[in-house]
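These protein sequence lines map, in sequence, to chains G and P.
For the first sequence, counting from 1, position 71 maps to 209 in our numbering; every step adds exactly one.
For the second sequence, counting from 1, position 309 maps to 428 in our numbering; every step adds exactly one.
Note that these hints are calculated values from the structure, not bench results.
Hints should not be assumed to be uniformly reliable.
Footprint (simulated), chain P over chain G, 3 or more residues, beta carbon under 8 Å [as the list claims (entries may be wrong)]:
hint	region
1	207-218
2	231-243
3	263-275
C-beta atoms are modelled at their ideal positions from N, C-alpha and C, and glycine is treated no differently.
Listed below are the residues making up each chain.
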Amino acid sequence: MTVDTIALDQGVIDLFNDPDTIKVLGTVDENGVPHVVVKQSAHIADDGNIHYLELIESSRSNANMVRAIWFDGTVSFTAIADSARSVQIKGKPIKAHITGALFQEHYERLRQRRPDTDLAAVWVIKPEIVQDQNPALRRAMEAEKHPHFVHLDQLAKH
Amino acid sequence: MSAAGQIKYRNEASFDEVVSRYPKFPRLIARKIDVHRRGVNYTERTLAAIDPEKHQLYGWNGFKFPHSLLLRDGTTLLVMPKQPDKDPYFVDHFDGKFWLIDEGEAIEEVEIWPKPKYYEKRTNSGLRMGDVVSARPQRLDLFVTSFCYFYHVDEQGCKFCSLPKLHKTLRSENNLPTRLDPDDVRECLIEALKEGGRFTNIHITGGTMVKGADVGDLEVDYYIEILKAIGDTFEAKRFPSQLLATAYNERQLAKLRENTGLGSFTADIEVFGEEKFNWICPGKARWVGYKEWKERLIRGVDIFGRGNISTGIVGGVELATPNGFTSEDEALRSTLDEAESLAEKGVTTVSIVWMPQLGSQFADLKSPSLDYFLRLTQGLQDLRLKYRLTVDFDDYRRCGNHADSDLARLYYADR
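Bound conformation, chain G alone (with noise of 0.2 Å):
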């Protein structure tokens, strides 16, 4: 299924781009088995995608990775600023820079920071699919839509 690309709304981008929110990938291997690791280069770039940073060639992210961009596959980022401020994108990776200006930009930047690590790629995921996952907006939207889906003592008298 091929969903266009959405426009990532400002709220979306400072949450995602805010240095002490949380973001976690979530990909899938060949039996969909899932992986699902915290990445925090991560961000919304100029372009609207995110770009994040893989620094090991040999990680199973970047392997679902590579397996999602040759064959359609969805991957995701959940952004977690606190208890009630979270997000999630849904989206496919299209790009992989493994070499010219952006990844060595991305690399020098890397090293002066973090001397022992390597870069492997920078990945441009392209959002499809973005669900806030506030708790209370997520029980709000769910109910409206799926009304039978309650236990009756919450609705009961008391």
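Add chain P to chain G, keeping to what the hints say.
Only chain P this time, still in chain G's reference frame:
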């Protein structure tokens, strides 16, 4: 995507039709294979949009063109220009981007290889560094000698190979010596390594030199000189590197391993099957021989270690007329059987796509079908999985010329 239909020049199934038969084969890698098989032609708009400051260019006979291209997944294309009447892909430029075009449709955005910063600098001897040590997107390339004994002396060069002729022309155009000087190489390396994140491997190759008490002794000594010059630029004793050379005997391989920081060794057998080898690679057949070539590769595993010894084949050349296989099925079965006989002993096989090159004896022949190459590519990677062989030193990034080792990207995390 590409329009369905028959391609007149080749009278064969369309790309989409072939790829649809193999849903587990990545479309981008199939595209790479097809581009390598058919070649590219750069449009006037592309040539006008090239920025010699930014893009890595290649020149031959006074004509400058992009050295090659990158796909969006980081896959390298390594392809020479092809005449428009030979059904190549086209590379056009519009909307500020370069595009791969097939049958009039833009099918993939591509990038021209970025130009390394050292390229225009000069060695103390006055040579342009980019002519001494060339680059791929993540690798340094040393073609250390344009001389090949098989081709230039015996007139028994490999029939598909245009390199001795090409490199002789390039060396004469750029006033390069027949053999590179280790001091020039060292200076280039020092400059190249100043560019952070630019290179992950050093590849060294050249034509065969047979001289010495044992065949190839002088060649080994020369490579040791070159590798020592390279080694001077590293703190670590061993560095990611690949020597692609003649199949050496155990003594020669041990000498290389002990005296240099070389990381891996490759000796291309070019085509599997003794009869085909003898016909297509008469020089290699005469000076080493098919069985001995394989044996030397196998013995090399004990010296360089499993996963650090490989051979390369020119995929599809086994079907060259008039003495090649006449059936693709038969060619595939035979090729994979022979590759397996090496894989079970720890030697991995990589393939390139045979696109008949001008300047080679096979220039007027045609490559086999895309279908054949997809099956060969998958078959070689499946052998690596079956025998738990890695190909880290010759993969999508450290080389970029082998579709089969591109597939290895999916499996790095499994071992």
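Tested hints:
no., hint, in the structure
1, 207-218, "holds (count 3)"
2, 231-243, "holds (count 10)"
3, 263-275, "violated (count 0)"
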